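Full structure from sequences and hints, please.
Single-letter residue listing:
Number of protein chains: 2
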Amino acid sequence: MTELSGASRPSIGDYLIRRIRETGCRHVFGVPGDYVLNFYAMLDRSPLRVINTCDEQGAGFAADAYARMQGFGVVCATYMVGGLKLLNTTAQAYAERSPVLVIAGAPGYRERERHPLLHHRDPATAFREIDRVIAEIVRTKRPGCIELPRDMVDMVPVGDLPSPVPVAAARDGRPADEVVERVAAVLDGAERPVIVAGVEVARFGLEPAVRELAARTGIPIVATFLGKSAVDETDPRYLGVYSGAVGDEAVREYVESSDCLLLLGVLLTDVNLGGNTAVLDPERMISLSAGGCSIGREACPVPGLELLPALARRSLRVHDRSTAPTPVRERTPAFAPTPARLTTERLVLALNAFVDETTVLIADVGDAVMMSMDVTTRAPGRFLCPVYYSSLGFAVPAAVGVQAARPDLRPLVLVGDGAFQMTGMEVSIAARYGMNPIVFVLNNAGFGTERPMIDGSFNDVAQWRYHLVPTLLGSGKGYLVTTEDELAAALAEARKSKELSVLEVVLAPDDISPQLRRLCRRLAEGVKR
Amino acid sequence: MTELSGASRPSIGDYLIRRIRETGCRHVFGVPGDYVLNFYAMLDRSPLRVINTCDEQGAGFAADAYARMQGFGVVCATYMVGGLKLLNTTAQAYAERSPVLVIAGAPGYRERERHPLLHHRDPATAFREIDRVIAEIVRTKRPGCIELPRDMVDMVPVGDLPSPVPVAAARDGRPADEVVERVAAVLDGAERPVIVAGVEVARFGLEPAVRELAARTGIPIVATFLGKSAVDETDPRYLGVYSGAVGDEAVREYVESSDCLLLLGVLLTDVNLGGNTAVLDPERMISLSAGGCSIGREACPVPGLELLPALARRSLRVHDRSTAPTPVRERTPAFAPTPARLTTERLVLALNAFVDETTVLIADVGDAVMMSMDVTTRAPGRFLCPVYYSSLGFAVPAAVGVQAARPDLRPLVLVGDGAFQMTGMEVSIAARYGMNPIVFVLNNAGFGTERPMIDGSFNDVAQWRYHLVPTLLGSGKGYLVTTEDELAAALAEARKSKELSVLEVVLAPDDISPQLRRLCRRLAEGVKR
Chain A
1 MTELSGASRP
11 SIGDYLIRRI
21 RETGCRHVFG
31 VPGDYVLNFY
41 AMLDRSPLRV
51 INTCDEQGAG
61 FAADAYARMQ
71 GFGVVCATYM
81 VGGLKLLNTT
91 AQAYAERSPV
101 LVIAGAPGYR
111 ERERHPLLHH
121 RDPATAFREI
131 DRVIAEIVRT
141 KRPGCIELPR
151 DMVDMVPVGD
161 LPSPVPVAAA
171 RDGRPADEVV
181 ERVAAVLDGA
191 ERPVIVAGVE
201 VARFGLEPAV
211 RELAARTGIP
221 IVATFLGKSA
231 VDETDPRYLG
241 VYSGAVGDEA
251 VREYVESSDC
261 LLLLGVLLTD
271 VNLGGNTAVL
281 DPERMISLSA
291 GGCSIGREAC
301 PVPGLELLPA
311 LARRSLRVHD
321 RSTAPTPVRE
331 RTPAFAPTPA
341 RLTTERLVLA
351 LNAFVDETTV
361 LIADVGDAVM
371 MSMDVTTRAP
381 GRFLCPVYYS
391 SLGFAVPAAV
401 GVQAARPDLR
411 PLVLVGDGAF
421 QMTGMEVSIA
431 ARYGMNPIVF
441 VLNNAGFGTE
451 RPMIDGSFND
461 VAQWRYHLVP
471 TLLGSGKGYL
481 VTTEDELAAA
491 LAEARKSKEL
501 SVLEVVLAPD
511 DISPQLRRLC
521 RRLAEGVKR
Chain B
1 MTELSGASRP
11 SIGDYLIRRI
21 RETGCRHVFG
31 VPGDYVLNFY
41 AMLDRSPLRV
51 INTCDEQGAG
61 FAADAYARMQ
71 GFGVVCATYM
81 VGGLKLLNTT
91 AQAYAERSPV
101 LVIAGAPGYR
111 ERERHPLLHH
121 RDPATAFREI
131 DRVIAEIVRT
141 KRPGCIELPR
151 DMVDMVPVGD
161 LPSPVPVAAA
171 RDGRPADEVV
181 ERVAAVLDGA
191 ERPVIVAGVE
201 VARFGLEPAV
211 RELAARTGIP
221 IVATFLGKSA
231 VDETDPRYLG
241 VYSGAVGDEA
251 VREYVESSDC
261 LLLLGVLLTD
271 VNLGGNTAVL
281 DPERMISLSA
291 GGCSIGREAC
301 PVPGLELLPA
311 LARRSLRVHD
321 RSTAPTPVRE
331 RTPAFAPTPA
341 RLTTERLVLA
351 LNAFVDETTV
361 LIADVGDAVM
371 MSMDVTTRAP
381 GRFLCPVYYS
391 SLGFAVPAAV
401 GVQAARPDLR
411 PLVLVGDGAF
421 QMTGMEVSIA
431 ARYGMNPIVF
441 VLNNAGFGTE
451 RPMIDGSFND
461 VAQWRYHLVP
471 TLLGSGKGYL
481 VTTEDELAAA
491 LAEARKSKEL
501 SVLEVVLAPD
511 DISPQLRRLC
521 RRLAEGVKR
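Chains as they are written, first to last, in this note's numbering: chain A, 1 to 529; chain B, 1 to 529.
No lab work stands behind these hints, which were simulated from the structure alone. As the structure is a prediction and not an experimental result, all values here were calculated from the model. Some hints could be false.
Since the list can't tell identical chains apart, any single copy or any two copies may satisfy a pair.
As the list claims (entries may be wrong) - Derived SDA-like pairs (lysine to any residue); straight-line CA-CA distance at most 20 angstroms:
no.: 1; residue 1: K498; residue 2: Q463
no.: 2; residue 1: K498; residue 2: E357
no.: 3; residue 1: K477; residue 2: R465
no.: 4; residue 1: K498; residue 2: T359
no.: 5; residue 1: K496; residue 2: S475
Now the structure itself:
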């Protein structure tokens, strides 16, 4: 039991579990090992549910995706061999602001005879440290790590329990109010302002404030690529993804000719902004982010995103949207299958038609994400991809994390063959825990993203018959899809199925999306120069 | 072309490739990415052969195994997402002294406008740094890393090429000679000395010197677990693996009652020495290792392993070996298959009978390595396992590295189901490059090593039908083995096959080797205390 009841006192392990549960988190991802085995046994007895993945990498990605959906994710691994395998996934969580707690097992203090770290044996310190790390993860939406020596798991400290840590310090309102007024004045003075929504809008739960601001002022919204679906893509004021020269041309033109861009929670990074093809004039930008605030080239000393609710409620001029382009979703043609060989372009239309209110679209890096750019999700927070950090292999384990967090939703996974060979066998974890993602393996015989840059046999991948993966697992169903009709039939069956579905979609090696073709051209310039 | 011919001058990439080739290395393992793509294109045109793995983890393990077989291994990955995934495999290479060069791609200098690292733009520095890193890897048998900004790959520096770096500095002979005399005196005065051979004997190519020493003095040899096969296991003076209470009882008793243990290249670590069950009196130990030398409790300021050839050639007393136990290999019963259900104990006998002069036995962590302990290899350097660092998932990618280094040999891989789910799909890389390892997947439905410590559903793994892996790949053949007769039939067929063979060996979840049972008891004491 992890509950504190009356006079019973928690051990360090109990206390950690209790604090994790208080964040709303209900699952822990990981791979056990001897340095963390007794904590796993404690987790097994607790109300938290353990989800074992094939490899620590999969656990790290699953916890990251869980955190993006749920607000807090936990991954638990053993000393060294486990923890080191989590560095890449944790770097991604840091870069893309995903609130993940890493619990790393460790040798017991009594085993470390030469290094008696007496400081940490102070139990009040242990409890306070647990509180501090969890509060910082929640506050900053960045990962944090707790190392748990195995002989401390069951230790019941004496002395007073710490008082709760305040999650966020109170701020002085005056400079913030002043900045809100200045932002309002710039917006009111603009002729054609545009809201650019970034990923922090999703992380900090500010989607309603952004939509309220747009609704009250008539200002159109675009999303960065990493911020796709941070704002409901069916909002009437939402135009589509802005991603420099890589994205939709009408959206690009409108954004780049705007006299005032209001960036909300945007990370200014290369891939996020179309491989540095974005042409944005800092003079015409207002940026409110978790880390700061700027108006034109002037930085203001306040965390900008916190001003958003006040700005959304304030009286502001109503703008005319008549010059804005038709939203991308309204320009996307319907899909009527034919017997023809399937192409990337047609697949995008089929996906767009398939997505519904229960779909979470999860894209891996490569053309999988590029072809997702213009697929419209039907509710906020329903698109996941590490567009900025770009670690291949995120999507399949992310589906496990997503469906653990939201069993009422269904992941639709787009993953290239190269990325699938890294972590794709984590679909077996979905099968083990009764999840039913629909996984599209885009089989174009290699790293299609790299071929247009510099090609060689190093861009080929080994041959796998991906549609046989369910056969290997003895669970779910696989489909080999080469034509539009086969795709339609497989999708109809997958939609009804309660089990894992794996669709191996065979594409010509040179059939890449127009978005990817444009991005590759940009990246190749970087490689060659 | 990477050759320097007459007046043509090498680029930085050319120079790196040329230096790698001079170590005798012929392959580079890795996964490409945009920050390292132009170097991959250069590798593709060079005499070095690129082997693409499914994931960077697999490439790191393959390069480590290649280095263990060949003396130098190379893994090449892209910036961040690739490099960070290599931290765990590189930590293992460090811990177990495997000479691996990590090449990490990076943004070009011209892309890093805010950080013009002018120092590194000095081409003479680049060449000298390449020389220095490679020389240190060769000298210390530890991994090293070179970061390669993508705009430096094709850069042809001006100025003089550096003079070759001496690989090892000359040493003063006198203190060394004195230490040799002291060691000789202790050995000559001992009644029942034993040579304990460690992994460094293999890394530094000292196997002939160890055998010469044993042949001239009659002193019996045992190996540590990590040092298994460092000395030819068919040498008449070789008794078996010493691993504290975990290993063979007669060997343990003989070693622990010896009045003089000559440790040659031994890493004194926990798992290597039977989970700290080894009872060795430092007063009766002489240790000659790459890093130092000690006689009893006294440390001598010389790199001890370098003294070995002089010691082996010196006149020494001949010892009587009549009290030594019969070698483990001579006590191992033959295997005659029956229709009975296969057990771990009988599997060990079958493996022992199957191993021949061309076999490289590669064990993963867990019961796979425990049951390998008493299987006799037929030539030196034919056993690979990260016994000390113990990262699960080494064995299958290691087979790719081994067969790249030695296409004349055949890997026999023992891997548990849990470890196979981490990296086992790298068998597809073996298939892609025409390799034919024989892979035993020991299916006991979970982490059998952990069950005797603390059990719970967290020790279960997802269900895979491992014998269908070749079907998934469309290459090689799979076997489902539950009885001794099925094992014998599968082995006979696999031995003749030129293709990948995957044997799914079904074992009862509680059927673990006696060695593992003893080790788990030790480790569980650590978990619980």
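Broken hints, by number: Violated: none.
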